[in-house]
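**Q** Top line first, the protein sequences correspond to chains C and E. Just so we're aligned: 47 in the numbering used here is position 47 of the first sequence, and the numbers increase by one with no gaps anywhere. Just so we're aligned: 82 in the numbering used here is position 82 of the second sequence, and the numbers increase by one with no gaps anywhere.
No lab work stands behind these hints: they were computed from the structure. Any given hint might turn out to be false.
[To be verified] Now the in silico label distances, taken between C-beta atoms and shown as ranges:
id, chain 1, residue 1, chain 2, residue 2, range
1, C, Q102, E, T5, 33 to 41 Å
2, C, V83, E, Q57, 41 to 49 Å
3, E, Q56, C, P70, 42 to 50 Å
4, E, I46, C, E41, 16 to 24 Å
5, E, N67, C, Q102, 23 to 31 Å
6, E, E17, C, P70, 21 to 29 Å
7, E, Q14, C, P39, 25 to 33 Å
8, E, Q57, C, E41, 27 to 35 Å
9, E, T3, C, S87, 40 to 48 Å
10, E, D26, C, G3, 27 to 35 Å
11, C, S113, E, N67, 21 to 29 Å
From the three backbone atoms N, C-alpha and C, an ideal C-beta is built for every residue, glycine too.
Each chain, written out:
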Amino acid sequence: NAGVMQNPRHLVRRRGQEARLRCSPMKGHSHVYWYRQLPEEGLKFMVYLQKENIIDESGMPKERFSAEFPKEGPSILRIQQVVRGDSAAYFCASSQQTGVMQPQHFGDGTRLSIL
Amino acid sequence: AQTVTQSQPEMSVQEAETVTLSCTYDTSESDYYLFWYKQPPSRQMILVIRQEAYKQQNATENRFSVNFQKAAKSFSLKISDSQLGDAAMYFCAYRSAKGGATNKLIFGTGTLLAVQP
Chain C
1 NAGVMQNPRH LVRRRGQEAR LRCSPMKGHS HVYWYRQLPE EGLKFMVYLQ
51 KENIIDESGM PKERFSAEFP KEGPSILRIQ QVVRGDSAAY FCASSQQTGV
101 MQPQHFGDGT RLSIL
Chain E
1 AQTVTQSQPE MSVQEAETVT LSCTYDTSES DYYLFWYKQP PSRQMILVIR
51 QEAYKQQNAT ENRFSVNFQK AAKSFSLKIS DSQLGDAAMY FCAYRSAKGG
101 ATNKLIFGTG TLLAVQP
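This is chain C alone, in the form it adopts within the complex (with noise of 0.2 Å):
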């Protein structure tokens, strides 16, 4: 059973651009969490998606950053514009339910470095 999947593992950007992250939850799961850990700190929340609706953002930056998870294809963590300080890893997380004692699952992380 392939675990959580996240590609690219690496990526880098110049300021101003684009960067897209993709994150494949494990199979039968459908809620998907995304944390960002700067270097030298712990995980932090940035939001939380089940099919197709935003649950909770509250950890997003209200601007340059997005994400969907739609009925079909892997959930997208969208930066547009990006700035130095958007460096970081970022990881997706997948869990089968809520509500219950269901531990969630992590990603290898995609790994952002802007020029």
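Based on these hints, arrange chain E on the given structure of chain C.
**A** This is chain E only, laid out in the frame that chain C set:
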């Protein structure tokens, strides 16, 4: 708002010895879950152990066990018979069990564990 604190930025242990990593948290909720995740140099996030707050019995997973003190809001991780492969960053995390909560994980800042041969 809930917070998680790991007061030990770095720890070191001799191979085959035992080490305890500290974690405290702050919450006004009575029902929640606590986790320890391991992040080796490869940067994967690996679930080590989990604890439901309503359970008094401490969770154990092979060489890993926790000391959960609900009244003190403390959740320490004990690694017995430490192995070189245990070297990693360890994160403590909190998740609400409240109905309607988003179930997001709240992480501490991590403890970097070195294992000396």
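**Q** Does each hint fit the structure? Answer for all of them.
**A** Against the structure, the hints come out as follows:
1. Between C/Q102 and E/T5 the C-beta distance comes to about 25 Å, which lies outside the given range of 33 to 41 Å.
2. A hinted range of 41 to 49 Å holds for the C-beta pair C/V83 and E/Q57, which are about 48 Å apart.
3. About 43 Å separates the C-beta atoms of E/Q56 and C/P70, a value consistent with the hinted range of 42 to 50 Å.
4. Taking the beta carbon of each, E/I46 and C/E41 are about 18 Å apart, inside 16 to 24 Å as hinted.
5. For E/N67 and C/Q102, the hinted distance range of 23 to 31 Å is satisfied, since their beta carbons lie about 24 Å from each other.
6. As the Cβ distance of E/E17 to C/P70 is approximately 50 Å, the hint placing it in 21 to 29 Å is violated.
7. The supplied range of 25 to 33 Å is met by E/Q14 and C/P39, whose beta-carbon atoms lie about 29 Å from each other.
8. As the Cβ distance of E/Q57 to C/E41 is approximately 33 Å, the hint placing it in 27 to 35 Å holds.
9. Between E/T3 and C/S87 the Cβ separation comes to about 25 Å, which falls outside the hinted range of 40 to 48 Å.
10. Between E/D26 and C/G3 the C-beta distance comes to about 32 Å, which sits within the given range of 27 to 35 Å.
11. Taking the beta carbon of each, C/S113 and E/N67 are about 39 Å apart, not inside 21 to 29 Å as hinted.
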